[in-house]
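> Please put together the full structure from these sequences, using the hints given.
Chain order of the listed sequences is A and B.
For reference, each letter of the first sequence is one residue, going 1 to 78 in the numbering used here.
For reference, each letter of the second sequence is one residue, going 1001 to 1141 in the numbering used here.
Everything labelled a hint here was simulated from the structure, so no lab data went into it.
Be a bit skeptical, because a hint or two may be false.
[Said to hold, decoys possible] To spell it out: a stretch of chain B is covered by chain A in this simulated footprint if at least three of its residues, at any positions, have a beta carbon under 8 angstroms from a beta carbon of chain A; those stretches are: (1) 1041–1051; (2) 1056–1067; (3) 1083–1095; (4) 1115–1123.
From a predicted model like this one, the values you see are computed outputs, not experimental measurements.
Idealized CB from N, CA, C, for every residue including glycine.
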Amino acid sequence: MIRIKCFGVAKEIVENELLKLDSNIHSVQDLRTEIIKQYPDFLTIKGFMVAVNQEYATDDYVLEEGDEIAIIPPVSGG
Amino acid sequence: MMNNKSILLSADTLSIDETYKFVLDVTCGGNVLFVGTVRNKNKGKTVTHLDFESYAPMAIKEMEKIADQCFEKFDVKKIAIHHRTGHVGLTDIAVIIAVSSPHRSDAFTACKYCIDSLKETVPIWKKEYLEDGSYWVGARP
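So, in structure tokens, the structure goes:
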């Protein structure tokens, strides 16, 4: 079970602050694919980054048990 | 380790005075403050207020990184980056960047670098409330 924090427009798409995925996910790329498969509305936004342990992660990053994962939609601070 | 940066994410009103006092330094003669406030129009629509959401622990880390990059790139002494969360009304302060440097040029450049970088990398999201609805700024093409 992977738990993913959702913010901003991602929270609206998922309709929850936390997205739980059961499938066979190894890398950030797998995660991305699964998120889009389950919530195609992610294709309607400008894209999203994935953060692992509060750092931006690249698609080849291999997830580990206990990693803190978050979907980071386009930021708009300031 | 010298305390040369003040990073804050706050649900309460931000203080220009606090950031200014933080960056003041006997070695510095140039102090630049950028104050971002909420305006009443965006793309021709009337804005009523904003609501900022953040991934707080990561936002703090990213703001610290920006300040650290400034210390490497520019001749600056102290930096304050303060950002609001929650409901922010018209003319309220959304963000303050304060930078001190021995000379003005690096203070201006570093201040601009901070606000430009913050808008690129810090996980904070702005929901804009209009008279006829609301939307997450910059999320959709």
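> If a hint holds in the structure, say so; if it does not, say that too.
Results of checking the hints against the structure:
no.	hint	in the structure
1	1041–1051	violated (count 0)
2	1056–1067	holds (count 4)
3	1083–1095	holds (count 3)
4	1115–1123	holds (count 7)
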